[in-house]
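> Given the coordinates of chain A, work out where chain B with the ligands should sit on it, guided by the hints.
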Amino acid sequence: MSQEHTLDPNNLPKDPAKSTLEGKHKFLGLWFFLGGETVLFSCFFATYLALKNSTAGGPTSQDLFGLELVFIMTILLLTSSLTSVYAIYHMKNYDFKKMQLWFGITALLGLAFLGFEIYEFYHYITDYGFTFRSSAFGSAFYTLVGFHGGHVVFGLSWLIALMVRNARRGITLKNASKFNTFSLYWHFIDVVWVFIFTVVYLMGMVS
Amino acid sequence: MSIASTQQKGFWAILWDYLTTVDHKKLGNMYIAAGAFFFVLGGIEALVIRIQLAKPENDFISAGLYNEMITMHGTTMIFFAAMPILIGFMNAIMPLQIGARDVAFPFLNSLGFWLFLFGGIMLNLSWFLGGAPDAGWTAYAPLSIQSPGHGMDFYILGLQLSGAGTLMGGINFLVTIVTMRAPGMTYMRMPLFTWTTFVASILILFAFPALTVGLFLLMFDRLFGSAFFDVALGGNSVIWQHLFWIFGHPEVYILILPAFGIFSEIIPVFSRKRLFGYTSMVFATFLIAFLGFMVWAHHMFAVGLGPTANAIFAVGTMAIAVPTGIKIFNWLATLWGGSITINSAMLWSLGFIPSFTIGGMTGVMLGATTADYQYHDTYFVIAHFHYVIVGGVVFGILAGLHYWWPKLFGKVLNEAMGKIAFWFFFIGFHLTFFIQHFLGLMGMPRRYWVFLEGQGLDTGNMISTVGAFLMGIGSLVFIINVVYTTVKGEKAGNDPWGDGRSLEWSISSPPKEYNFKQLPLVRGLDPYWIEKMEGNKKMTPAQPVNDIHMPNGSILPLIMTIGFFIASFGFIYQVDNNLWLIALFGGMAIALGSMLARSLVDDYGYHIHKEDLEKEVD
Ligand code: HEM
Ligand SMILES: [Cu+2]
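Line order of the protein sequences matches chains A and B.
So the number in the working numbering is just where the residue sits in the first sequence, counting from 1, plus 108.
Just so we're aligned: 371 in the working numbering is position 376 of the second sequence, and the numbers increase by one with no gaps anywhere.
By construction, these hints were calculated from the structure, which means they are not laboratory data.
Do not take every clue at face value.
[Claimed, not checked] Lysine-lysine pairs mimicking DSSO-like chemistry, simulated, CA-CA at most 30 Å apart: (1) A:Lys132 x B:Lys414; (2) B:Lys507 x A:Lys132; (3) B:Lys486 x B:Lys414; (4) A:Lys282 x B:Lys483; (5) B:Lys483 x B:Lys532; (6) A:Lys282 x B:Lys50; (7) B:Lys50 x B:Lys4; (8) A:Lys132 x B:Lys483; (9) A:Lys126 x B:Lys605; (10) B:Lys414 x A:Lys282; (11) B:Lys268 x B:Lys527; (12) B:Lys533 x A:Lys286.
Since the structure is predicted, the reported quantities are computational estimates derived from the model, not experimental observations.
Next comes chain A alone, as it looks inside the complex (with noise of 0.2 Å):
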């Protein structure tokens, strides 16, 4: 049944992603994986709460954060989502070439948004001493952030993987789901990010 993976032009699946079993079920297992990333996350948010005005006598949310760099990261991100959309859009059309050309502007703009954050960082540190071990709050802000930041590190490694590896193989049944798994997954670090920026940044430039 091997042919099962290769497609016929003349029948091809709806959606190439959900086609297989083996696609249904890294879709179903890719969301209930999320579920379990949605608790993480909450963990690691209801902790920073905890632990925001811990600052130790150093340096507080409303010294360090400036809302220029995060909204132009916040657009960089979202943007990134968009563009994957319309990604898997050409992916249902089988239009290969420009399913890779929107996952790679996705790249792209991911790229970006982590040469944004790492200015960030290095920003905090050499302009302020706000370190990981500075305080309660500084361990607490750069795990949360952190976290996500790891989070697209390895959501860009597997997209680029992917996109290598495919090249020249065109939209098949097997990757097809890789790739629907993929941009799932991208969809929910940008949300996230959206709760990162209000509870992060918006919050701590108020209160």
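Leaving out everything else, chain B with the ligands in the frame of chain A:
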């Protein structure tokens, strides 16, 4: 086929087979075997604790070693004995019960097993590498931060590894149950063990990440100098308690729900009656799971969260007794008027009902906040949770072992020895723990190395120690039984109890690697029973004989795990010497490299062909 060909294989071929297997039945057996090994370790630690407490001011072991013993006993029993054995049952039995040929993610399944095993090895290596963890299985900060040496680091990384494995297992079971049920196997026709696997998996999915986060925070504080629990830098140690118990209370239901499922399978079979109140059993399972997430602060009544919080959590806690009570009455009603066979599996089930009920009752007592100020951190709590965990979970495991042994290994465990083991263990259990209620009420605190003479605690402690040894003898008899049965036991047929109700009894013991030659057509609750009542010997097939797709074995899960294992040592020892960063990055490279290899190399599995299948008798 699989059995015949393994018998001809040499030792190395068999070893390779087990190292690379993705077969849910083999993995299930491996979980059970490894869990049993850790159970013996934890049992020895328990006996050492009881010897130390046998008489006042004993100095059998030092105070420091005592702390290591209690920590390792609790951690080992919960994470590396009880959970893995239950997950072993879920693996080995659940797919058979829903009429599936495998689980949804066979590769992940094997990865989960190896992560658990190496997590357990990691934790226990601490004995040889400068001392075991000693801050209690609950690892309360700041004690766990202050604890010198690397013991607590082994606790953190060992649990982190095995926790990741457990999470994978949970997701795997959920997807399997949602997508791979045989034709006609609707949700409300699923056997109760499958239901409890499903609900326990939901609990795993939502509870374990809290532990993951807690362990990360501990690890960062201990190994990377962060300040989560360092009060001088604004840290707050109560955060750990919250995270631990947000995980910890659901964890006790992750343990007990599958055990409930096992009893709900055994009691109907040996009462020759359908399970009383099936629907309410399913409902109660969900309700327990839901409430289980709302009550974590009952472990923190004495922290000082304030009367309002305490009151809310007290009410939630007591509410759990209601669905639990529903279950107890359903089991009793199933027994009522049934034609009952009392064998070892049934003895453990019957012993469970009163034992667990006592534990639930003391639970409600503990849930009364004001009273808990007296009970908290005394032997009363020890008695409570051993009544529910031993009287519930361990009895469930032993019942399940007797019940499913023929299905797993093709041989029926010896009945006489089974009964001897039960009586030793059962009597020993009540001797050990019943008296501890009173020791607790008399003020004996938990986790103390010695107690003083002349405070009325001497006799009680002696009785408790004697009981512990009786439990040890019971366990030993069980182990002898396993060896005896493996060597001499009689071969079991498909349905050795004669009254099997669910699908696993309709196929050979042990099942073929593909489980079902043809997927069965399920026509109701207790599908195999239905067919037997209509005079059929076999399930009606839902499809013609066809090629069967099977997943390929793989060594990658093991390599990936070894990568994480090496990296864990890097994490621990980089505080002493920067050179260990090589192990950290090297290990991570191995793990991520094998992940990449898995992602990039397409694995299409293989097929067992129709012609070969037709040759097989079932
Ligand atoms: C009716 C159901 C139950 C109620 C109301 C209940 C209530 C409680 C309460 C209030 C405590 C905290 C006591 C204290 O530390 O002062 C406690 C401790 C504990 N319970 Fe339960 N419980 C119930 C069932 C269970 C079950 C089914 C299990 C396990 C299978 C379990 C395992 C434990 C454990 C392990 C602890 C002690 C943890 C520790 O401090 O090390 N309980 N229970
Ligand atoms: Cu609890």
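> Let me make sure I understand: some of the numbered hints might not hold for this structure. Which ones are they, in numerical order?
Hints 1, 4, 6, 7, 8, 10 and 12 are the ones this structure does not satisfy, whereas the remaining hints hold.
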